[in-house]
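A.B. asks: Now for the letters of each chain:
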Amino acid sequence: MTVAPLPLSSNDSDLQLVQRTVAGDQRAYELLVLKYQRRIERLVARMVRDHDLVQDIAQETFLRAYRALPQFRGEAQFYTWLYRIAVNTAKKFLMDLRRDPVLTESALAPVQDDEETFRNRHEPSTDETPETVLAAQEIAAAVQAAMEALPEELRQAVTLREIEGLSYDEIAQAMGCPIGTVRSRIFRAREAISARVKPLLDRQTGKRW
Amino acid sequence: MKDDVVNTQELLSALVDGELAGAELERALAVAEDAQGQRNWQLYHLVGDVLRSPDLAHHSQRDVLTGLRARLAQEPPLQGEHLQLVPGALEQVQAPAPVRDQAANASVFRWKLAAGFASIAAVAAVGWQVLALQTAPVSGAQLAQSAAPGVVAVAADDGRSVMLRDPNLDALLALHEQYANRPGLQVPAEFLRNASLAHAGSSQRAP
Chain A
3 MTVAPLPLSS NDSDLQLVQR TVAGDQRAYE LLVLKYQRRI ERLVARMVRD
53 HDLVQDIAQE TFLRAYRALP QFRGEAQFYT WLYRIAVNTA KKFLMDLRRD
103 PVLTESALAP VQDDEETFRN RHEPSTDETP ETVLAAQEIA AAVQAAMEAL
153 PEELRQAVTL REIEGLSYDE IAQAMGCPIG TVRSRIFRAR EAISARVKPL
203 LDRQTGKRW
Chain B
9 MKDDVVNTQE LLSALVDGEL AGAELERALA VAEDAQGQRN WQLYHLVGDV
59 LRSPDLAHHS QRDVLTGLRA RLAQEPPLQG EHLQLVPGAL EQVQAPAPVR
109 DQAANASVFR WKLAAGFASI AAVAAVGWQV LALQTAPVSG AQLAQSAAPG
159 VVAVAADDGR SVMLRDPNLD ALLALHEQYA NRPGLQVPAE FLRNASLAHA
209 GSSQRAP
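Chains as they are written, first to last, in this note's numbering: chain A, 3 to 211; chain B, 9 to 215.
Next up, chain A with everything else stripped away, as it sits in the complex (with noise of 0.2 Å):
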């Protein structure tokens, strides 16, 4: 099992937002905090077996990135960063739970020095039921069914910026249109997708989306 890469100009609006949050807006930290939710929340899920833990270290991970971002710099990628901060915190966390007389068994896993040793375990993560494992097997199946059924130039634009990594001056180029109709076409792209997905999510987790 692998973890898909971000395509290349993620970084851009990373350091956007990062740049934003350092300037005093909490409104775009809050944003990268719901796009790498997720992916953290599966890192820590990996690495500790309490499923009530994996919400405190996540939050922990992000008001410590919170903490660090002045000193962010911009040499290594937005997720890069937060990750090694994710991993740390996940150490520190099964660390400080060792130290406690009273303390859960099922909290603990190995403490491995590098994440990468959980992939190849071949154990599922505290997160993965066969029940959540369901619900992502629908949502890939309704993302791919939906980009199966769009407009050929909707679909070229979306897999040129989610897959390649274009920028959108790039996509125009190769697709031969203004910048603003790339825009337009990733954005309904992604809306005609969305609009597949959002049923699932409503039952899955039971509010509307």
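Derived from the structure by calculation, the hints contain no laboratory data.
Since the model is a prediction, treat every value here as computed from it, not as a measurement.
Where hints are given, some of them may not hold.
[What the hints assert, rightly or not] Here are a few chain A residues that face chain B, going by a calculated C-beta distance under 8 Å: (1) Gln28; (2) Glu43; (3) Phe64; (4) Tyr68; (5) Leu71; (6) Ile165; (7) Arg192; (8) Ile195; (9) Leu203.
The C-beta atom is built at its ideal place from N, Cα and C for all residues, glycine as well.
Since chain A is already given, all that's left is putting chain B on it; use the hints.
C.D. replies: For chain B alone, coordinates are given in the frame of chain A:
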């Protein structure tokens, strides 16, 4: 009215891609402030992640944001109004030509460029010290005494002239060698002149 709604959601979509600036960026951030805007933001990213890898097709039901908001409200303002990105960080990512178009020895060239700047800085620093002492003929011992604390006078290879070695300067040169080996390094002259040993090794460590 409906066109306005579509237009603002399109701005949100463009924000996902980092393709906004100025007034449009402000409008998009305002759209993302409410609950529906945040749900759409999450949806767009879920779609993108799933397109890149079906393994990421799970949706979190945890509410991390509510608790985090409460804790962030207790945090002091972040230090520094402006993020000090390394030169070219944003421009590099936005460059139309991706890394694959760079020459195979580009990193070697950058290393040599950084080493060249460091050498020039070192020669200039030593030269200034020697020039200041050239008003009167002095021996090597006298040079060592009159130089800055920690500076040591050593004989040069020709056996007649004296070279001043400053351990602080040697450490600075070693630090620049380390930086030169990091990928994507851009080393303008201003960085060298303003470099300070007080910040050595503290730039990008994860807490």
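A.B. asks: With reference to the structure, classify each hint as holding or not holding.
C.D. replies: Quick rundown of the hints versus the structure:
{"no.": "1", "hint": "Gln28", "verdict": "holds (6 Å)"}
{"no.": "2", "hint": "Glu43", "verdict": "holds (5 Å)"}
{"no.": "3", "hint": "Phe64", "verdict": "holds (6 Å)"}
{"no.": "4", "hint": "Tyr68", "verdict": "holds (6 Å)"}
{"no.": "5", "hint": "Leu71", "verdict": "holds (6 Å)"}
{"no.": "6", "hint": "Ile165", "verdict": "holds (6 Å)"}
{"no.": "7", "hint": "Arg192", "verdict": "holds (5 Å)"}
{"no.": "8", "hint": "Ile195", "verdict": "holds (5 Å)"}
{"no.": "9", "hint": "Leu203", "verdict": "holds (6 Å)"}
Going down the numbered hints, you'll see the structure goes against none, and every one checks out.
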